[in-house]
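Work the whole structure out from these sequences, hints included.
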Amino acid sequence: AQSVTQLGSHVSVSEGALVLLRCNYSSSVPPYLFWYVQYPNQGLQLLLKYTSAATLVKGINGFEAEFKKSETSFHLTKPSAHMSDAAEYFCAVSDTGGKLIFGQGTELSVKP
Amino acid sequence: NAGVTQTPKFRVLKTGQSMTLLCAQDMNHEYMYWYRQDPGMGLRLIHYSVGEGTTAKGEVPDGYNVSRLKKQNFLLGLESAAPSQTSVYFCASSYYAGTGSSPLHFGNGTRLTVT
Chain F
1 AQSVTQLGSH
11 VSVSEGALVL
21 LRCNYSSSVP
31 PYLFWYVQYP
41 NQGLQLLLKY
51 TSAATLVKGI
61 NGFEAEFKKS
71 ETSFHLTKPS
81 AHMSDAAEYF
91 CAVSDTGGKL
101 IFGQGTELSV
111 KP
Chain W
1001 NAGVTQTPKF
1011 RVLKTGQSMT
1021 LLCAQDMNHE
1031 YMYWYRQDPG
1041 MGLRLIHYSV
1051 GEGTTAKGEV
1061 PDGYNVSRLK
1071 KQNFLLGLES
1081 AAPSQTSVYF
1091 CASSYYAGTG
1101 SSPLHFGNGT
1111 RLTVT
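Protein sequence lines, in the order shown, are assigned to chains F and W.
Here the numbering used here is used: the first residue of the first sequence is 1, the next is one more, and so on.
Here the numbering used here is used: the first residue of the second sequence is 1001, the next is one more, and so on.
Just so you know, nobody snuck in bad clues.
Stretches of chain W that chain F covers, calculated by requiring three or more beta carbons in the stretch to come under 8 Å of a beta carbon on chain F:
no., stretch
1, 1043-1056
2, 1107-1113
The calculated DSS-like cross-link candidates involving lysine-lysine, where the alpha carbons are at most 30 Å apart (straight line), are:
no., chain 1, residue 1, chain 2, residue 2
3, F, 111, F, 58
4, W, 1057, F, 49
5, W, 1009, F, 49
6, F, 49, F, 111
7, W, 1014, W, 1057
8, W, 1057, W, 1071
9, F, 68, F, 58
10, F, 49, W, 1071
11, F, 69, F, 58
To give an idea of the interface, some chain F residues facing chain W are shown, with a C-beta separation under 10 Å as derived from the structure:
no., residue
12, 32
13, 36
14, 41
15, 42
16, 49
17, 51
18, 52
19, 90
20, 91
21, 94
22, 97
23, 100
24, 101
25, 102
These are computed hints drawn from the structure, not numbers from a lab.
Cβ coordinates follow ideal geometry from the N, Cα and C atoms, glycine included.
Here's what the structure looks like:
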């Protein structure tokens, strides 16, 4: 069965610093992987998705993620954090029936 | 273009009361989902639908029922609310999930408190 583990329930960075949010997945088939962002009191918005076309996936707001099959990882990065990046981030994997299985979420705080 | 709309936004129930959460999408999506979000647990799938007139159980279906009488609407019912159902509920839809690559579009959530 597919599953997702996000390492770190809370990450804090300074404005301008590198953002690294970790996600490891388990899947018995080639996975479709997603990162979503949730701003306070809102629903989830798609940041980016991996569908096997390229291992480095670029998303919105300067975020990108690299699929590493050997490490079963799909970590999310952004070179320079902005105050507006403060939110909760969810990694998700699609199961064999097409349903999304979400990780526990990582709350990102950005310090001025 | 409204996307996915959930009503109500907030609700407080007493134990044993019933209610229905409404979800409407205007994107002509086939697939619709109900998730619940609890701190530290991410989103867990309650029920989903792959088309008008169909429903299926997700990861945590107990205590909930759903109906998809029209393609654009997906209703989530609580027949006898319990404090354990205090949560934020999200509805989502997608164009086609057969290959697993279609992203989900989410509503803004319903915050439910059961006392």
